[in-house]
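K.L.:
The chain contents come next:
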Amino acid sequence: MEGASTSVAGGRPVFYAGRFVDRLQSIGLSRACTLLGDWDVLPAQLTVATQEATSLIVLDLFSFPFEALSGVQRDIPLILLLPSGLDEEFLTTVFGEAVFARLDFFDRIATPDRALWKSLRRRYWWAEQQRIELESCDPDEAAKAIGSLLEAESCRPLPHPDFDKATHRVQKAALAPQFAAARGAEQISFDVLEVGVGTGRWASSFDLARTAFFGLDSSEDMVASARANFPEGRFDRLQPGLLVPYDDESFDLVFCVTLMHHNPTPAKKTLLSEMWRVARPGGRLLFLEDFVFGKRSENSTVYPMSVLEFVGLLLEATNGQVSLEHVESLRYPHDDVTRGGIIAVSKLGVPQRW
Amino acid sequence: MSENDFYTPTDLDMLRMENELLTFEVRFLRSRLGWVGRGTGSSPSLNRLAQLEEAENDLVLLLRRMASSPLGPFLRLKGEFRALEERYLSPRAQEASARDRLTYLEQAENDLVLLLRRIGRGPLGRVFRLKRGFRNLEERYL
Amino acid sequence: MSDQLIIVGFHRSGTSATAQLLHRAGLFLGYELLEALPSNPYGHFEDREVVDLHHQIFMDNDMTWLVGRPFLPVLKEARWQRMRQIVERRNVEHGLWGFKDPRSCLFIMLWKYLLPDARILLVYRHFSESTYSLSQRHSANLFSGEGNAYIHKRFWEEPDLALRMWLVHNNALLAFARAYPEDTLAVSLNMIRDGFPVVWAINRRWGLGLKDVPVGETYDPRITARRSRRQPVSDRRLIPKVDATWRALQELGEKTEMMLWEKEAAVVGE
Numbered sequence: 001m002e003g004a005s006t007s008v009a010g011g012r013p014v015f016y017a018g019r020f021v022d023r024l025q026s027i028g029l030s031r032a033c034t035l036l037g038d039w040d041v042l043p044a045q046l047t048v049a050t051q052e053a054t055s056l057i058v059l060d061l062f063s064f065p066f067e068a069l070s071g072v073q074r075d076i077p078l079i080l081l082l083p084s085g086l087d088e089e090f091l092t093t094v095f096g097e098a099v100f101a102r103l104d105f106f107d108r109i110a111t112p113d114r115a116l117w118k119s120l121r122r123r124y125w126w127a128e129q130q131r132i133e134l135e136s137c138d139p140d141e142a143a144k145a146i147g148s149l150l151e152a153e154s155c156r157p158l159p160h161p162d163f164d165k166a167t168h169r170v171q172k173a174a175l176a177p178q179f180a181a182a183r184g185a186e187q188i189s190f191d192v193l194e195v196g197v198g199t200g201r202w203a204s205s206f207d208l209a210r211t212a213f214f215g216l217d218s219s220e221d222m223v224a225s226a227r228a229n230f231p232e233g234r235f236d237r238l239q240p241g242l243l244v245p246y247d248d249e250s251f252d253l254v255f256c257v258t259l260m261h262h263n264p265t266p267a268k269k270t271l272l273s274e275m276w277r278v279a280r281p282g283g284r285l286l287f288l289e290d291f292v293f294g295k296r297s298e299n300s301t302v303y304p305m306s307v308l309e310f311v312g313l314l315l316e317a318t319n320g321q322v323s324l325e326h327v328e329s330l331r332y333p334h335d336d337v338t339r340g341g342i343i344a345v346s347k348l349g350v351p352q353r354w
Numbered sequence: 355m356s357e358n359d360f361y362t363p364t365d366l367d368m369l370r371m372e373n374e375l376l377t378f379e380v381r382f383l384r385s386r387l388g389w390v391g392r393g394t395g396s397s398p399s400l401n402r403l404a405q406l407e408e409a410e411n412d413l414v415l416l417l418r419r420m421a422s423s424p425l426g427p428f429l430r431l432k433g434e435f436r437a438l439e440e441r442y443l444s445p446r447a448q449e450a451s452a453r454d455r456l457t458y459l460e461q462a463e464n465d466l467v468l469l470l471r472r473i474g475r476g477p478l479g480r481v482f483r484l485k486r487g488f489r490n491l492e493e494r495y496l
Numbered sequence: 497m498s499d500q501l502i503i504v505g506f507h508r509s510g511t512s513a514t515a516q517l518l519h520r521a522g523l524f525l526g527y528e529l530l531e532a533l534p535s536n537p538y539g540h541f542e543d544r545e546v547v548d549l550h551h552q553i554f555m556d557n558d559m560t561w562l563v564g565r566p567f568l569p570v571l572k573e574a575r576w577q578r579m580r581q582i583v584e585r586r587n588v589e590h591g592l593w594g595f596k597d598p599r600s601c602l603f604i605m606l607w608k609y610l611l612p613d614a615r616i617l618l619v620y621r622h623f624s625e626s627t628y629s630l631s632q633r634h635s636a637n638l639f640s641g642e643g644n645a646y647i648h649k650r651f652w653e654e655p656d657l658a659l660r661m662w663l664v665h666n667n668a669l670l671a672f673a674r675a676y677p678e679d680t681l682a683v684s685l686n687m688i689r690d691g692f693p694v695v696w697a698i699n700r701r702w703g704l705g706l707k708d709v710p711v712g713e714t715y716d717p718r719i720t721a722r723r724s725r726r727q728p729v730s731d732r733r734l735i736p737k738v739d740a741t742w743r744a745l746q747e748l749g750e751k752t753e754m755m756l757w758e759k760e761a762a763v764v765g766e
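Residue numbers (the working numbering), protein chains in the order written: chain A, 1 to 354; chain B, 355 to 496; chain C, 497 to 766.
Derived by calculation from the structure, the hints in this document are not laboratory data.
Positions of the beta carbon are idealized from the N, C-alpha and C atoms, including for glycine.
Certain hints may be false.
To be verified - The following label-pair restraints were derived from C-beta to C-beta distances:
id : chain 1 : residue 1 : chain 2 : residue 2 : range
1  : C       : E747      : A       : A267      : 21 to 27 Å
2  : C       : N587      : A       : Q239      : 29 to 35 Å
3  : C       : P612      : B       : G479      : 54 to 60 Å
4  : B       : T364      : A       : Q239      : 34 to 40 Å
All chains, please: the whole structure from these sequences, using the hints.
P.N.:
Now the structure itself:
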């Protein structure tokens with residue numbers, strides 16, 4: 001995608017120290033960092049301060065106006081320092097709905113308390129990689145540790161330009177209702193397969209206590225990361241020839257996110273027909289793909305397809321044994337050209353009503 | 355589009371892809387909202403369409419018959435008959451029919467029914483009913 | 497248990513003549529069959545209930561029957577119910593039934609889902625002949641002011657529409673044939689013209705007990721002109737796709753012809 005996360009070398013972290021701002025002023029964060037106190041976060045100021053921020057680190061959870069974050073500010077990855085001495089019960093009561101429940105794969109939690117992390121993690125189904133391990137929850141120490149971490153990270157090569165919180169949020173907003181629709185009202189067990197699961201970022205969209213989440217990827221490294229991130233899920237490698245190593249009619253929902261356009265047409269057909277094969281009759285297949293392509297950077301491998309071409313491939317791969325459930329186009333932030341879309345179909349089978 | 359090769363989409367390609375995507379989405383949304391057949395020329399049931407076209411044909415034939423009969427000049431004194439002639443027999447009728455075919459046909463069917471009723475009720479009714487063709491029309495539409 | 501035989505083929509491919517043949521042979525095709533129109537003097541033999549349902553599904557999807565692009569339909573519950581009603585009544589009242597509607601190419605998988613044992617008689621014709629016949633009918637109607645002008649004009653306004661339609665409809669049939677090869681029998685219009693014993697082949701294949709009617713009785717060669725012509729095309733990328741589809745259809749037709757050769761070989765061998 002063009003023009004996504006314009007990263008400056010070293011990034012532009014914004015530290016919100018709240019009531020601890022005086023203490024932190026003396027610790028000497030790098031010049032690229034911005035430091036905000038509790039008087040600096042009136043809406044207008046917050047907007048100015050967070051412009052072009054690459055991350056927002058909240059060291060004082062209690063005094064930060066989360067509800068004031070709006071629009072593009074919500075696209076900034078958050079790092080939250082959990083206050084010390086408070087248990088899960090208390091934290092979720094105060095911050096659960098407004099803060100924790102709205103965190104996603106690109107946000108992180110910083111805490112030295114392993115047990116606390118574990119229980120919060122299972123409540124909100126965060127990925128293990130979302131935790132920043134600290135030695136202490138003292139704001140000064142934490143700020144220093146996080147600062148160094150961010151600086152180290154900024155020296156690494158940039159991730160894929162599509163792989164950022166802004167894109168993720170757009171995709172999540174469109175996918176979440178489809179996941180819910182696929183689940184339906186009464187199902188007790190719910191078997192889900194994601195093809196091209198990567199590090200597992202969509203696993204947290206499901207209640208992993210009530211969902212059997214399976215993920216496949218062709219990269220061994222990705223599979224290993226996914227396993228580490230979500231021990232509750234089951235992650236395997238796609239077999240050679242892009243075959244899915246599961247039996248026919250095993251899943252209620254089979255989906256993929258921006259997978260197809262990285263594969264040439266014969267591979268697309270194989271993937272589609274495999275996805276159809278392992279879906280249960282009456283089950284859903286869900287695709288989120290790019291359907292309008294602009295000029296791309298040289299190192300991206302993309303096989304563009306229009307939505308009608310995709311529909312043609314889908315009909316061919318499934319021999320027409322599907323019916324249409326949902327279509328939605330997606331507009332990505334910072335990109336006027338590329339458009340994605342969601343297509344959901346049901347496998348022709350017993351026509352249950354969702 | 356070539357299947358396995360890379361290529362750089364041109365602006366035209368991008369426009370086409372966007373067009374396809376949005377059309378697909380709009381069509382889906384329309385079906386969900388129940389907005390069907392609006393301004394897209396979606397065809398009504400074939401049978402219904404055939405019925406309507408028959409009615410139009412019958413109306414045109416009936417009007418021609420009436421206009422060229424000895425009663426013609428008398429009928430043309432009536433404003434309503436002149437209006438029907440204008441609507442269905444004149445050259446303008448072709449234009450009207452092309453513009454919104456379905457509405458035109460439905461109106462034709464309506465007008466035919468009204469006309470048949472009118473004739474049937476009036477003093478000329480008995481005269482017309484001597485003709486088999488007229489009796490058939492009455493049977494079919496009334 | 498009821499048997500079903502569905503006659504499928506793109507518009508102007510010879511499905512009407514085939515339907516007439518099978519109707520004479522005892523295949524129930526519907527309670528109310530559509531009438532003949534000038535373009536098809538021997539009658540359409542299309543089941544009104546089925547045609548209406550197909551039209552409703554098109555309308556649900558904001559389309560007309562001029563489908564030239566891959567068609568992935570929304571199926572409303574009401575349509576499923578209607579399909580089930582149609583199926584149930586015929587299953588109860590007829591030991592063998594079917595229907596014929598070119599539009600059913602696009603819905604054949606839906607019917608197959610409700611009728612798992614249904615078979616299809618796939619009638620195909622060369623694209624140049626089908627598209628010529630289709631365009632010819634619509635230009636005639638356009639000039640005579642008959643029928644839906646919007647539909648007629650589409651063939652002129654959209655390049656390659658008829659060819660794309662041929663492609664989409666026949667690809668849908670080929671998909672069925674791939675998924676259910678045992679339930680598919682393919683014949684081309686040329687085969688029928690040349691006297692291929694369709695009813696015999698159906699009986700031979702599936703034992704449906706149809707009355708063997710000689711083809712000449714119902715099929716009037718005057719009606720369907722045989723023209724070999726070049727196919728006009730605007731988008732040349734269609735060419736390989738059309739070629740591939742045509743070859744696949746021919747392969748299916750050859751399999752059917754083999755049945756006759758096997759029969760003749762057996763006779764000779766005796």
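K.L.:
Next step is simple, just say for each hint if it's right about the structure.
P.N.:
Cross-check of the supplied hints:
1. C/E747 to A/A267: 21 to 27 Å: Holds: the Cβ-Cβ distance is about 26 Å, inside 21 to 27 Å.
2. C/N587 to A/Q239: 29 to 35 Å: Given range 29 to 35 Å: violated, Cβ gap about 43 Å.
3. C/P612 to B/G479: 54 to 60 Å: 58 Å, holds
4. B/T364 to A/Q239: 34 to 40 Å: Check passed, 37 Å falls within 34 to 40 Å.
In summary, the structure is inconsistent with hint 2 from the numbered list given earlier, while agreeing with all the others.
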